[in-house]
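Enquirer: Just so you know, the sequences run in chain order A and B. Take the first sequence: its position 111, counted from the start at 1, is 111 in the numbering used here, and no numbers get skipped. Take the second sequence: its position 183, counted from the start at 1, is 1183 in the numbering used here, and no numbers get skipped.
For the record, the hints were derived by calculation from the structure and aren't laboratory data. Don't be surprised by glycine CBs; every beta carbon is placed ideally from N, CA and C. Keep in mind that a hint or two might mislead.
[Unchecked claim] As a list, the in silico DSS-like pairs of lysine-lysine whose alpha-carbon atoms are at most 25 Å apart:
#, chain 1, residue 1, chain 2, residue 2
1, A, 132, B, 1253
2, A, 109, B, 1195
3, B, 1139, A, 77
4, B, 1369, B, 1220
5, B, 1185, A, 76
6, B, 1139, A, 109
7, A, 46, A, 127
8, B, 1195, A, 103
9, A, 103, B, 1139
10, A, 23, B, 1253
11, B, 1195, A, 101
[Unchecked claim] Ranges of calculated distance between the beta carbons of each label pair, as one might list FRET restraints:
#, chain 1, residue 1, chain 2, residue 2, range
12, B, 1230, A, 40, 43 to 53 Å
13, B, 1368, A, 40, 50 to 60 Å
14, A, 8, B, 1262, 28 to 38 Å
15, A, 2, B, 1036, 32 to 42 Å
16, B, 1262, A, 76, 31 to 41 Å
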Amino acid sequence: MKKFKYFNHTADIGLEAYGGETKEVFENAARGLFNLIVEPGEVELKEEVEVRVEAGDIEALLVEWLNELLYLFETKKMVFKDFQIEEISETALKAKAKGEKVKSNHEIKTQIKACTYHLLKVEKKNKTWHAKVIFDV
Amino acid sequence: MAIPDYLEKIGPFTYRIAKSHHSGMRVDGVVYADERLIEQADRDKALEQVVNVAFLPGIVKASYAMPDIHWGYGFPIGGVAATSLKDGVISPGGVGFDISCGVRLMRTNLTVSEVQPYFNLLMQELARNIPKGVGSRGKIKVGHREMEKLMTEGVEWAVRAGYGWPEDLDFIEERGCLKGANPEKVTPRAFERGKDQPGTLGAGNHFIEIQEVVETYDEKIANVLGLFRKQIVVMVHSGSRGVGHQICTDYLKVMDQAVRKYGFSLPDRQLACAPINSPEGKDYFAAMACAVNYALTNRHCLSHWIRESFEKTFKKSASSLGLHLVYDVSHNIAKIEEHQVNGERVTLCVHRKGATRAFGPGHPDLPEKYREVGQPVIIPGDMGTASYVLVGTERGEKEAFASTCHGAGRVMSRSQAKRQIRGDVLKRELESKGIVIMAGHMALLAEEAPDAYKDVSQVVDVCEGAGLSKKVAKMRPLGVLKG
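Work out the full structure: start from the sequences and follow the hints.
Expert: Structure, rendered in structure tokens:
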């Protein structure tokens, strides 16, 4: 099964992620996000950051999760390529993001300002979880 | 392609979406465009977004869209909505993540032929002197206390710290400081993101361009603005960087809950809002104003290094080179303004998401020097064609709350642009037209290719045709510096 794909938006970038369960769809959405920022092949797994976020519902939780990773990228200057959701409910998650500090040989491909609520969806269709978000670029 | 039947042509460049189109609409939608621009807007969800904005509680007159309209998130890009201070809402989605993203134009007393021999040196000097790129850190580091002052005082803080000139304040909207800023309403996260970014260009569509004035449409007004043919001018396009992104992110969460608390029903979650007079609405305004002041300061610090780079290249002082500020506009912002509605003077919260304020002649908020000609509006085009200077008009004040377009507006998605256009090929093409490109990343360059944008000349012509603003000067790019 495909982990994620991008869809066209005139000014910004849309992402659809898939997974057998919510944990997997959240992990794949994070992969889809960082794949826009840096080539995963350029990132080594040197450091691990624990992430905890809460929100009012599962869709807002996805936005929170992705925005938290963008916050870590900008303030801790870290790029990630491996994500493990350890606990997840409708309103909270605990995860580990693995990667390293941005190095001079990392080519930063896109500046993502934030994850938006526009056309936001997290739903189960035919036994597969689908997530849909739009990033402001 | 046909024009959708729910659009009614009510003027040569004006289309109306009647509020009867959807039961949730509180007012009409009004789109300023010609046939081609309307067809482009109909290809994505931009017109649907004009309809969605008309759902906002307390919206006055109409949900407007400028000719550069395209699909955004929540509001369309090019969207303008004014809400009543009495019973209206404020929506962070009507401002966007890059709060107070905007443009400023600086003029010089140099002509193209005088600059030509030093041009490459100047570009290299700018590239060396301007911090740019994704997550770029600046040369100015501010602690928490200083940041609070920066957010409260705006450009005055920068001038005191030695960046720019006191006279610059006259030529910035709100004289460089949007009142009502309260740093206590800004989260520690936004402080964290902003502490090493004042005076950084960023990436994406942000740029610094050296341009030549190639045409003036109204000699008298151009003269008042200090513009003449063959003149070298400098354009800066940047915003509030991580501070604005974080403030919008933080307050979308607050507003998402406020929508439930106040019992609003909205067609898009990104339109989340709260009454302007509620605690949530007031807090957002106070935090947004901090980001506005940050953005104005950011562009001001960039101008300081531009002046420095000219001084170093030409071995003359910036003042003797005539490097004055023409004007600075913000095109992602919500402001409290007075407007005439049904013959009455009312105070409104005007959201402009990818639209520019354009006060007409005589407006009391204009600097003395420009009061007779109207507010200058700076329109950045794409890097291959042209940019414009417009001024606000009396008629525009009566149309869409004194608003006009903000740029060319995208027609092609970023991924489509990257698939169709190669950055290095584009760079050579532009260079063959005599445009020097300094860009950190070729793929980012391709995303911003001229073909990804509407025709900016057509956009400003429609603005003039619709009476929103008047053309004063056209510039062509000579050198482009991108993140």
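Enquirer: Take the C-alpha atoms of residue 46 (chain A) and residue 127 (chain A), compute the straight-line distance between them, and say whether it is at most 25 Å.
Expert: violated, 35 Å
Enquirer: Do the alpha carbons of residue 23 (chain A) and residue 1253 (chain B) lie within 25 Å of each other, as the hint requires?
Expert: holds, 22 Å
Enquirer: Taking only the CA atoms, is the gap from residue 103 (chain A) to residue 1139 (chain B) under or equal to 25 Å?
Expert: Within the cut-off at roughly 20 Å; holds.
Enquirer: Evaluate the given range 28 to 38 Å for the C-beta pair formed by residue 8 (chain A) and residue 1262 (chain B).
Expert: holds, 35 Å
Enquirer: Given the range 50 to 60 Å, decide if the beta-carbon distance of residue 1368 (chain B) to residue 40 (chain A) lies inside it.
Expert: holds, 57 Å
Enquirer: Return holds or violated for the Cβ distance of residue 1230 (chain B) and residue 40 (chain A) against the range 43 to 53 Å.
Expert: Given about 50 Å between the Cβ atoms, the range holds.
Enquirer: For the pair residue 2 (chain A) and residue 1036 (chain B), does the Cβ-Cβ distance stay inside 32 to 42 Å?
Expert: holds, 37 Å
Enquirer: Between residue 1139 (chain B) and residue 77 (chain A), is the straight-line Cα distance small enough, at 25 Å or below?
Expert: Holds - the C-alpha atoms of residue 77 (chain A) and residue 1139 (chain B) are around 17 Å apart, at most 25 Å.
Enquirer: CA of residue 1195 (chain B) to CA of residue 103 (chain A), is that 25 Å or under?
Expert: holds, 21 Å
Enquirer: Between the alpha carbons of residue 1185 (chain B) and residue 76 (chain A), is the straight-line distance 25 Å or under?
Expert: OK: residue 1185 (chain B) and residue 76 (chain A) at ~23 Å, within 25 Å.
Enquirer: Does residue 109 (chain A) lie within 25 Å of residue 1139 (chain B) when you go C-alpha to C-alpha?
Expert: holds, 23 Å
Enquirer: Checking one constraint from the list: CA of residue 1369 (chain B) to CA of residue 1220 (chain B), max 25 Å. Satisfied?
Expert: Status holds; Cα separation ~13 Å.
Checked against the numbered hints given earlier, the structure breaks only hint 7 and satisfies all the rest.
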